[in-house]
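Chemist: Just so you know, the protein sequences line up as chains A and B, in that order.
Residues 0 to 448, numbered by numbering that gives the first Met the number 0, are exactly what the first sequence covers, in order.
Residues 0 to 576, numbered by numbering that gives the first Met the number 0, are exactly what the second sequence covers, in order.
Just so you know, the hints here were simulated from the structure itself, not pulled from any lab data.
Using N, Cα and C, we set each Cβ at its ideal position, and we do this for glycine too.
Misleading hints may appear alongside valid ones.
Unchecked claim - Simulated coverage check for chain A against chain B, where a stretch passes if three residues somewhere in it have a Cβ under 8 angstroms from a Cβ of chain B:
no. : region
1   : 79-86
2   : 365-374
What the hints assert, rightly or not - Cβ-Cβ distance ranges computed for the label pairs, FRET-style:
no. : chain 1 : residue 1 : chain 2 : residue 2 : range
3   : A       : 110       : B       : 21        : 31 to 41 angstroms
4   : A       : 167       : B       : 388       : 45 to 55 angstroms
5   : B       : 330       : A       : 234       : 32 to 42 angstroms
6   : A       : 376       : B       : 388       : 45 to 55 angstroms
7   : A       : 352       : B       : 570       : 36 to 46 angstroms
8   : A       : 124       : B       : 408       : 38 to 48 angstroms
9   : A       : 239       : B       : 306       : 53 to 63 angstroms
10  : A       : 376       : B       : 160       : 51 to 61 angstroms
11  : B       : 408       : A       : 108       : 22 to 32 angstroms
12  : A       : 423       : B       : 257       : 42 to 52 angstroms
13  : B       : 434       : A       : 384       : 53 to 63 angstroms
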Amino acid sequence: MSPPAPILSLRHVSHEYGTGANRDLVLSDISLDVTANDVVALLGPSGCGKSTLMRMLTGLITPSKGEVFHHGTPLHGIAAGVAMVFQNFALFPWLTVRGNVLLAVEHLPPAERDAKVDRILATVGLGAYESTYPRELSGGMKQRVGIARALVASPEVLCMDEPFSALDVLTAETLRNELARLLTDKTNPLRTMILVTHNIDEAVELATRIVVLAANPGRVDQIVANPLPYPRDSKSPAFAAAVENLHRILTHTTLPDAPAGAADTGKVIIPVDETHHRIAPVTIPAVNAGEVLGLLARLPAEAIDIFDIAERLGRDFGSVVNLVKAAELLELVRTPGQDVLITDFGRQVLAASTLDQKKLLREKILKLKIFELLIRLINVQEDKTLTDDTLLAELRALLPHEKPRVIFRTLVNWGRFAEIIQHDQRSHQMRLFTRKGPRVLVGPGASGA
Amino acid sequence: MVPNEPRPELRRTSLWSDLLVIGLFAATLLGALNVEAEWRAPLTAAAPIDLSPSVLPLYALYSLARSWLAYGLSLVFTILIASWAFYDLRARRLILPALDVLQSIPVLGFLPGLVLALVAIFPHNNVGLELACIVMIFTGQVWNMAFSYYDSLQGVPAEHRNLARLYDFSGWQRFWRVELPFGTQSLVYNSMVSMAGGWFFLSITEAFQLGDQDFRLPGIGSYMSVAIAQGNVPAQIYGVIAMGVVIVTVDRLIWWPLVRWSKKFNLDDFAGSSSGDSGPGKVALWLARSASLQRISLAWNTLTNALLRRRHAPHAVDDSASATRGPSRFWRWVANIAFALLLALGGYAVVRLGLLIAKLDVVDWLEIATSTSYTTLRVFAALAFSVLWAVPVGVWLGLNPAYARRLQPFIQFAASFPAPMIYPWVLTLVAAVGGTLGWGAIPLIVLGTQWYVLFNVVSAASAIPNDVRSCAAIMGLSGVRRWTRYLLPAIAPGLVTGCITAAGGAWNATIVAEYVRSGNSLVQTTGLGAYISRATNAGDYPQLAAGVIVMAVLVVLINRLVWKKLQALANERCRFG
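Here chain B stands alone, though its shape is the one from the complex (with noise of 0.2 angstroms):
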C-alpha cells in the first residue's frame, strides 16, 4: 500500500527478466486456451489416452489445471466456511463436527452423486466431467485448510480486534487486513499439504467406473491408470517422471517463493530480530527485475489500495443510525436463510442416504462387518510400522537441523508423490517375497502416510528446548530410560498430531490399497476399502452408502475416542513452557 522506494538490486531493470515474465504469461495463456478447448470438447465419457511420452505434456497440463482450479476453489470455501463458524456462534456448532464427518469420508463417498448430478447438467460437453473431477480433487484437499483458518481466526489477538473496530474497518477490510495477514502462514503450509492430498487420488479421481460405463478424462492420473491397466511398464515409468517433474516444479516455482514471502507474516519472530531468510528469494529478485513486473505490482498496489481504502473518517456515520443497523439486520437475515440450507441440505442428506442403506439385508451387513474388522487392522498396524521407524529417523533429524535442512527437499518429495501410481511396483516386490495383498495392502498404506508422523516428530524434535537437551545430556540420559524418560514424552503432542493425521489418510488410502488393478488383473483383499471400491466399480449406491457412512462413523468414532483424549493428555502434561 505505499509505494516502497525499490531496493538498490532491482533499480536496474533487466531485459532477460522481461522475456522470462512475458514468456510465463504466453505460456499460461496458450495452457488455459487448451484446457478451455478440452472442456468445450463434445463429452467423451472415456477420452481415449494416448500412452506415448510426447502427450505428457499436455496431459500434465489438464492435470494441473484441475488440481490448481480444485484448490482456487478450497481457498474460497475455507475463507467463506471458517469465518461463518468463528462469527456465527450457532453455525459453528454445526459447522465444525460437519467438517470433522466431511473430512472422514473417502473420496468415493462423493463421486457417484457428483459425476452423475455434474454430467446431467452439462449433457453435451466435457464442463460435467472436468467439474465433478475438479470437486473430488477439492474433497481430498479442503478440510485441514478450513480447521487451519479457523484456528487462525481464533488466534487474532484481542489487541489487534480491537484496533479494527477503532479504525472502523468495515468485514472486507479486516478480512483483508487482520485475518488473512494473520492467518497466511498456516494457510501456506497446510495448502502445500492439501495439494499432495489433492494428487493422492488423481488416478482415481480422472479415470473411474461407475456401474457400467467408463469414465476418464485426459491427464497424468489416467495416462498412468491405462498404463498400469496395459501392463505398459515403460509408459507407467514415463508418468511417474512426469509426475516427479510437475510436483518440483510446482514446489519450486510457487511453493517455495510463498513459504519464503509468508514469512512476513511470522508473529513469533515479531519481538525477536528479523529471520534470515525472509523475503524475496533469488528467483523473485530476477524476476522482479523485469520492468513490466514492476508496473503491474504498481498497478496492483494502487488497485488494492483504492479498493481497500477506508473512505470515511472512522466512525463519521452515527453508529446509532441505520447505517449499521441496516446492514447487520440484512446479515442475519442471510446468515439464517443460509443455516436454514444448511439444516435442509444436512436433512436431505441423511434421509436419502438412510433410505438408501435401508435396502441392504443381513448378509450386507455381516460382510462390512468383516471386511471393517480387516481394515481397521490394516490402518492400526501400518500406523504402528510408520511410528516404529519414522519416530527413531524424526527425532534424529529434529535433533540434527543440518540433516534436516539437506534431506528436507527429498522427503518433501517422496511426502507429495501420490502413492498409488507405484502401487503395481510394490505389489510385484510383495508378490515376489510370497505375500498377498491381504498383507500387502500395509505397506501400501504406509507409503502414503508414514510422512505425516515424520514431519510432526521433527518438527516436535526441534521444538525441543534447548535447556532441555543440555539437561538431558549432562544426566547421561541413554538406552531406553532416555528414550522413555524425555524423547518419547518430549515429542509426545507432535507424534499425536501426526497419527490422527495419519490414521484420517489411511483410512482413505485403503480404497485405493485393498483394490489395486496391476497388469491385466484386478487384485483386491477382504477390507472395508475395497468393499467401497467394488459398490463403486459395480455402481451398487447402498452398499457405497453402508461402505462409506461405516467408515466415516468409525473415523470420528476413534478420533473422538482415542486420537483427541491422547491429544489432550499429550498436551497437558508433555508441553513446554
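In isolation and in its complexed conformation, chain A is listed as follows (with noise of 0.2 angstroms):
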C-alpha cells in the first residue's frame, strides 16, 4: 500500500515578524506533512511559533520563505475543507448559538443546513441551548458552539488553537474527553486534526503524532509517534510511558544537561578591537525574578521531577521549565535529568530576609556575563546613563536569535529586583542604582503624579 497523499504540507517554511531592526525570526526552516486520519498535536513551549505554523497549513499566513501544499498543489489562501476553533472562541456576541453554528453552512439548501445544525448541536450538547446568546453561556459552553460550528461543515481537517487553554481545568478535561469520543466514533467522518497544544497529557490523549518545537527559533526538534490504540486510558501504563517519554525529550529540549555553571556561561569573545573584548553573553530566562523565589519555596526538600511542579503550581510546563532554567542559572537548583534539587546555597536564600534575599541574589546576578555586559556598558556612557535604544540595539546584535525586547524587559526586572540598576520609564533611560537616604513610604497616587 502506498503512503497517501498529504493533504496538507510544509516544505522548507520559514517565517519573521515585522520588518527592518525590528525582525524577528519566528520559525526557521520548516518541513511537516499531516496525512488523513493523522491527528498531530504541535506541542512546545511558549513563543515557539505553534499558532503561526497552524496558521501558516491553514493558509491565514502567508511564510515569507517556503511553500505550503494542499493536496500536492501549491496553496494561495485559504485552504478548502478547514475549520478552525479559536483559543478564545471567536463567536458573534450578537448572533445565537444556532445562528453562530449556521455561519459555517449557510451555502447549503435550508433543509439540509438545518438538519445537520440540529444533528452538531444535538452531539455536543447544545441541543437546549440553540436559542441562546453567547454571553448566557459558560466558558465550556462557548467552546462546544465554536466546536460545533467547526464541525458542522464536515471539514476535512480541524484546527484547534490551544482550545482549551481558557478553561478552568475541568471543564477542559470534559471537553477533551468528549473529543476524544468524537475521534473513536465509528459514524464521525472526522480524523484529521491539528491541535496546538503545550499540554502534554492533552497531546498523549489525542494525538497519533507529536510533533515537539523547539523556540528561538521556532524549529521542529522531534516528530514522535503515538500509536495507542483510541480510546486512551490516562491511567495506562503505556500512556504513563508515553507521557514520561514525550517529559523526556521536552527536558532535553529546552533544559540540556550541558555543563551549566553560572560563571562558565556563554564564554564567547567577539574582539572589537585590540584593547576590547567583547563578550557575549548566554540569554537568560524571560521569568520575573520574584517568580523564582516563588518557586523555590514551593520545592521540597528532595528531589522532584520537573512536570510534577508544573503539575503543582497548575502551570504549563514551558514557564515552569523557564522558572527552573533561571534557578539553576543562579544556582538555587540543580537539575540532573528532569528532576529539580534544591541546592545548600538556595536553601539559604530561602531562610534568609527579604533584604538578604536579595543581596545573595545579587552577588550571583552580578556574575552573570550579561550583567556584566550591562554594567559595563552603562559605565562607558558619558553621563552613566545608558538609553534603552542603544541597549536594545546591543543585544541585537550579540544575541540574532533572541528578540531582544524578551530580554531586555527581563534585564530590567532582574536588575531593579537585585538593586543592580534603576530605570526610569518616561525617559526611557537607565542608569547604576544609588541607594539614597532613608527608605520613605509614599501615599497612593505618587507614583501617578
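Dock chain to chain to rebuild the complex, using the hints, since each chain is given by itself in its own frame.
Modeler: Next comes the structure, spelled out in C-alpha cells:
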C-alpha cells in the first residue's frame, strides 16, 4: 500500500514578523506533512511559533520563505475544507448559538442546513441552548459552540488553537474526553486534526503524531509517533510511558544537561578592536525574578520531577522550565535529568530575610555575563546613563536569534529586583542603582502624580 | 437571520399597536410628501418666514428632514471613508490628516462654495439650496463619526477577522456581519453627539447672508433667526419650545431605543453576565405587538438573509485562479483612481485658496492676527470656566451613579439644545450686569462646549475602580490632597479627551458667539469668529478663506502641540489596569 498523499504539507518554511531592525524570526526551516487520519499535536514552550505554524497550514498566514501544499498543489489563500477552533472562541455575541453555527453551512439548502445544525448541536450537547446568546453561556459551553461551528461543515481537517486553555481544568478535561470520544466514533467522518497545545497529557490523549517544537527560533525538534489505540486510558502504563517519553524529550529540548555553571555561561569572546573585547552572553530566561523565589519556596527537600512541579503549580511546563532554568542559572537548584533539586545556596536564600535575599541574589546576578555587559555598557556612557535604544541595539547585535525586547524586559526586571540598576520608564533610560537616604513610605497616587 | 420563536409577550398581537404603526408610517409618508413639495417649488432664495406658532410643526418637519438626510449622508460617508482608510495604507496617510483638518473648519468655511455651486446646478427649484443646507449640516456631524468607526475597525479582534477569512466572507458580508456590528455601539453614541452638532448651527445653515443676497429656507432655524432679527420675544419662546419638543421626541423615539438595542453588540460584557437593560424597551415591545410590523420584520429578516448568505461552500472556487485575482486587480485600479482624485482635489483646493488669500494685504493680516489673539483668549477662558465647574460636578455625578441616572436626561437635553437659539437672551443678561460682547462671548461659547467636558468627566469618574475608591476612603484623603493625589489623576484621561472635543467646538462656536444679531441690532466684537462671519456676510471670499485657514491651522496646531501630548501623557501615567 502506497502512503496516502498528504492533505497539507510544509516545505522548508520560515517566517518572520516585523520589518527592518524589529524583525523577529519565529519559525525556521520547517517541513511537515499532515496526512489523512493524522491527529497532529504541535507541542512546545510558549513563543516557539506553534500557532503561527498552524495558521500557515490553514493559509491564514503566508510564510516569508518556503512553500505550503494542499493535496499536492501550492496553496494560495485559505485551504478549502479546513475548520478552526479558536482559543478565545471567536463567537459573534449578537448571534444566537444556532446563528453562530449556521454561519459555517449557510450555503446549503435550508432543509439540509437545518438538519446538519440540529445534529451537531445535539452531538456537542447544545440542543437546549440553540436560541441562547453566547454571553449567557459559560466558557465551556462557548467552546462547545466553537467546536460545533467547526464540525458542522464536515471539514476535512480540524484545526484547534489551544482550544481548552481558556477554560478551567475540570471543564477542559470534560471537553477533551468528549473530543477523544468523537475520534473513536465510527460514524464521525473526521479523522484529521491539528492541535496546538502546551499540555502533554492532552497531546498524548488525542494525537497520533506529536511534533515537539523548540524555541528561538521555532523549529521542529522531534516528531513522536503515538500509536496507542483509542480510547486511551490516561491511567494505563502505556499512556504513562508515552507521557514520560515526552517529558524526557522536552527536558532535553528545553533544559539540556550541558555544564551550566553561571560563571561559565556563554564565554564567547568577540574582539572589537585590539584593546576591547566583547563577551557574548547566553541569554537569561524570560521570567520575573520574584517568581523564581516563589518557585524555590514551593520546592520540596528531595528531588522532584519538573513535570510534577508544573502540575502542582497548575502552569504549563514551558513556563516552569523557564523558571527552573533561571533558578539553575542563579545556582539555586540543580537539574540532574528531569529532576529538580534545591542546592545549599538555595536553602540559604530561602531562609534569609527579604533584604538578605536580595543581597545574596545580587551577587549571583552580577556574575552573569549579560549583567557584566550591561554594567560595562552603562559605565562607558558619558553621563553613566544608558538609553533603552542603545541597549536594545546591543542585544540585537549580540544575540541575533533571540527576541531583544523580551531579553530587555527580563534584564530590567532582574536588575531592578536585585537593586543593580534603576530604570526610568518615562525617559527610557537606566543608570546604576544608588541608594539615597532612608526609605520613605509614600502615599497612594505618588506613582501616578 | 434565524426565525426566532417570538417572545411570550409578543405572541398576542394587538390591534392598537397595529394602528399606531400604521399611523407612524402614514405620518412619515405625509411628511415626505410635504418636504418633496417644498423642494420642488420654484427657487425662492429668501423664503418668507411666518412667525405664527401654527407653522412651527411644518417648519420642524423641514428641519428634521434636513438633519436626517444629512445624517444619512454622514453615515454613508463615514463607512466609506473609514473603510477606505483602514484597508488602503497609502490612502490612510492622506485621509486621516485630511479629516483632522476638515473637522476644524467652521461651517461658514464650506458655505459659499456649496451654496453657489449647488444653486447654479439647480437654478429653477429649491433642490440646490436644500442640498447646500444639508451638506452644511453634514459638515457639523460627520467627522467624529468617521473617527469612531475607523477606531472600531482597528478594534475588530484578529480571531474574528480570521474567522471571516476561513468562512470566505465577501467584503460585503464582512462589513455587515463583522465590522458594522463591532462598530455599532460607538457609532450609535457618536451619532447622538453628531446630531446635536448638526442642530447647533441650524440658525446659520438655514438662514444666512452671502454678499448682498439673503438666503432663507423654511425651518426652525430660520424661524428663530427671523424672530431674533425682529425682536419678537413671544416667537422666540415658541421657537425654543418647538426645538425642545423636537429634541425630546427624537431622543425618546429614536436614540433611546437605538441605545438599548445597540447594547446587544456590547463586547465588554461578552464574558460576563447579561446586562439588565439591554433588549427592547417598553415602547419597542408595545410596537412589536403589531401584526403588520411582525410581518415586515420577518420579510426584512428573509431579505437580509437572502442578500447576505454566502452562496457557495467556503473556498470552493480555486483561489489561485482568476476568481479572486480579477476583482482584486479591478479594485486596486478603483483605489488608484480614487486616490488620484483625492490628491487632485486636495491640490486644487490648496491652489485656489492660495490664489484667494494672495489678494490680502498687510492690513488684513494684522487684523486677522489681532482677532485671532482675542479669540484664542476667549476659547481658553471658556474652556477654563467649563473645566472649573464641570470637574467637581462631573466627579460628584460619576461617584454617585444614582444621581447621575436621574439627571442624565436633563443634561442630555441641555447638551443637544442648540445654544445659539438663546444667545440673545443670554446677551440681555450680560448687558444687564454691564458686560459687553467682548466678555459676553465667553459665556456664549461655554453654553455650547461645557457639556463635552462634563460627559467625559462623568464617565471617567464612574470608571474609577472600586478598590481605588475604597483605598482613598480608608486612607482618609481629603481636601486638596484628595484632588491632586487621587481624583484629578484618576479622571485625567477623560478630562483631556473632553477638553479636546470642547476646544474644537469652542473654536467653531466663536463664529456665532462673537457676531450676534439681537433685536434690530447686530452685536459684534473683535475676534476671528466675528471676522469670518463678517466676511461671509459681505461676500468677501479672500478674507473668509484667510480667516478659515487661520482657524483650521491654529486648531490643528494646538491639537498636535498641546492636546495630543497631554492625552499621551494622561494615558501613559493615569490609566487604570
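Chemist: Each hint: holds or not?
Modeler: Results of checking the hints against the structure:
Proximity of the region 79-86 of chain A to chain B, defined as three or more residues with a beta carbon under 8 angstroms from a beta carbon of that chain, is established by the 7 residues found. For a cut-off of 8 angstroms, the count of residues in the region 365-374 of chain A with a CB near a CB of chain B stands at 0, and the three-residue condition is violated. The supplied range of 31 to 41 angstroms is met by residue 110 of chain A and residue 21 of chain B, whose beta-carbon atoms lie about 36 angstroms from each other. Restraint check, residue 167 of chain A to residue 388 of chain B: a C-beta distance of roughly 49 angstroms satisfies the suggested window 45 to 55 angstroms.
Between residue 330 of chain B and residue 234 of chain A, the C-beta spacing of about 58 angstroms breaks the proposed range 32 to 42 angstroms. For residue 376 of chain A and residue 388 of chain B, the Cβ-Cβ distance of about 53 angstroms falls inside the hinted range of 45 to 55 angstroms, so the restraint holds. Against the hinted window of 36 to 46 angstroms, the Cβ-Cβ separation of residue 352 of chain A and residue 570 of chain B comes to about 39 angstroms, which satisfies the hint. A hinted range of 38 to 48 angstroms for the beta carbons of residue 124 of chain A and residue 408 of chain B is consistent with their spacing of about 46 angstroms.
Here the CB-CB span from residue 239 of chain A to residue 306 of chain B is close to 56 angstroms, well matched to the stated 53 to 63 angstroms. Take residue 376 of chain A and residue 160 of chain B: their Cβ atoms lie about 41 angstroms apart, and the range 51 to 61 angstroms is violated. For residue 408 of chain B and residue 108 of chain A, the Cβ-Cβ distance of about 50 angstroms falls outside the hinted range of 22 to 32 angstroms, so the restraint is violated. Separation of residue 423 of chain A from residue 257 of chain B is about 47 angstroms and conforms to the stated range, judged on CB atoms against 42 to 52 angstroms.
In this structure the hint that residue 434 of chain B and residue 384 of chain A lie 53 to 63 angstroms apart at CB holds, the actual value being about 55 angstroms.
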